[in-house]
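Chains as they are written, first to last, in the working numbering: chain P, 1 to 74; chain Z, 1 to 360.
What the hints contain is simulated information worked out from the structure, not anything from laboratory work.
Check before you lean on any hint, since a few could be wrong.
[To be verified] If we take Cβ atoms under 7 Å as the criterion, some of the chain Z residues that face chain P in the derived model are:
| no. | residue |
| --- | --- |
| 1 | L5 |
| 2 | V11 |
| 3 | C35 |
| 4 | S118 |
| 5 | L120 |
| 6 | T124 |
| 7 | T143 |
| 8 | R150 |
| 9 | A198 |
| 10 | E202 |
| 11 | P248 |
| 12 | N256 |
| 13 | R258 |
| 14 | A259 |
| 15 | L262 |
Only a predicted model underlies this, so the values are computations on that prediction, with no experimental measurement involved.
Every residue gets a Cβ at the ideal spot worked out from N, C-alpha and C, and that includes glycine.
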Amino acid sequence: MCLAVPAKVTAINGPVAEVDVLGNRTSADISVIENVRVGDYVLIHAGLAIQKYDEAEALETLALFRELAEAMDE
Amino acid sequence: MNAALFSDPVVAEKLISGIRRMAEGRGIMRIMEVCGTHTMEIGRLGLRSLLPRGIELISGPGCPVCVTPGAIIDAAAELSLRRGITVLSFGDMVRVPGDRMSLAQARAKGGSVEVAASPLDVVTRAEADPGRDYVFVAVGFETTIPSTARAVTLAREKGLRNAKFLVCHRMVPPALDALIADASIGIAGFMLPGHVSAIIGERPYARLSENNIPGAITGFEPLDIIAGIHAIVDMIVHGKPAVWNMYPRVVKPGGNPRARELIDAVFRPGDALWRGIGVIPRSGLFLRKEFDGLDAAQHYGLSIDDHAMPAGCSCGEVLRGKIRPDQCPLFSGACTPEHPEGPCMVSSEGSCAAYFRYGG
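Generate coordinates for the entire structure from the input sequences, incorporating the hints supplied.
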């Protein structure tokens, strides 16, 4: 039930954003997200954007996972 | 962002062999996840069969629908049968048995029950149809609570007299504290819920470290889950318990401060009942006084008392990780997803449903 999906913000009208979820267009309330801009990724749950999705952190985490995997692969 | 990168089978295999190496020659390590989405993903990936025998993945009370008291469901069902009221509920909730009936049974008797994807739908519906009352059954953990809080503030801003909330929100950290306090479960580490943590951040898990229990805040892609287990086993093996954030692309140390402020403005914490588990101190949220007019229980004068679980149903033990779903006497015989006895089998995210579907 705590599933949340990343969505790309395509337009902003006050507290509501138009978003693209894997090609499907929908809208979401963005009132609890600071400084949202068109092009940002946000995580949507039950109609509300609950957090920004940080792409730079995603790449760092991926690098960390790969590093952990290699470290174990002696 | 390409999610497929987080399912790379080569990296997954190497991480799993790393877990095997760390766990070798060690005793049993019981790792509990407390998020229904983790429960389902672990089952879907068949992770239990890939991990060394010493690592036991157990499911805790991670399914909000499963821990919602039967009396709340009865109250919602009863409201749906009253003239002029429509009950809106998340789809997962509709078939869950109350103490007397489910929402699906109420609907079959002519009750007005509709599935909603968001608490915000109650605002839209109430605004469009002022002659009818719309009641949202507000269940869920911290991930979902901001959405209800937002709907409550919008309903008030718009002065909607026909939007109501039957609130049964529960919070994860007080439940973890209760699980830690129960030494008979013997939890060695927690896989912490990524999207709950997106809201609350890392600090509410401090009690884990105080009790020397490691925790990893974990995302939901295959590599996230495997790396989460890797992190927990690493901390157990090296005797360095801490809370590691393995999902920083979504979880910030302080969570989402705006969302937390909104929750605080709308709700106050209080002792609350978890179905099958009992009352957990300060684990529930209740509407603050200034939102009394939107509170369905108050407005309709509902009395909500909890009753027992069906005879023989072991959901309470399952939810606390004391037994595996397949150790319940009713499992797969008297209790199946088609004919469920307890909530853990009804909800698509319940641990029993996950065991039934994926065989553990």
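**Report entry** Indices of hints not satisfied (ascending)
**Finding:** 6 and 10
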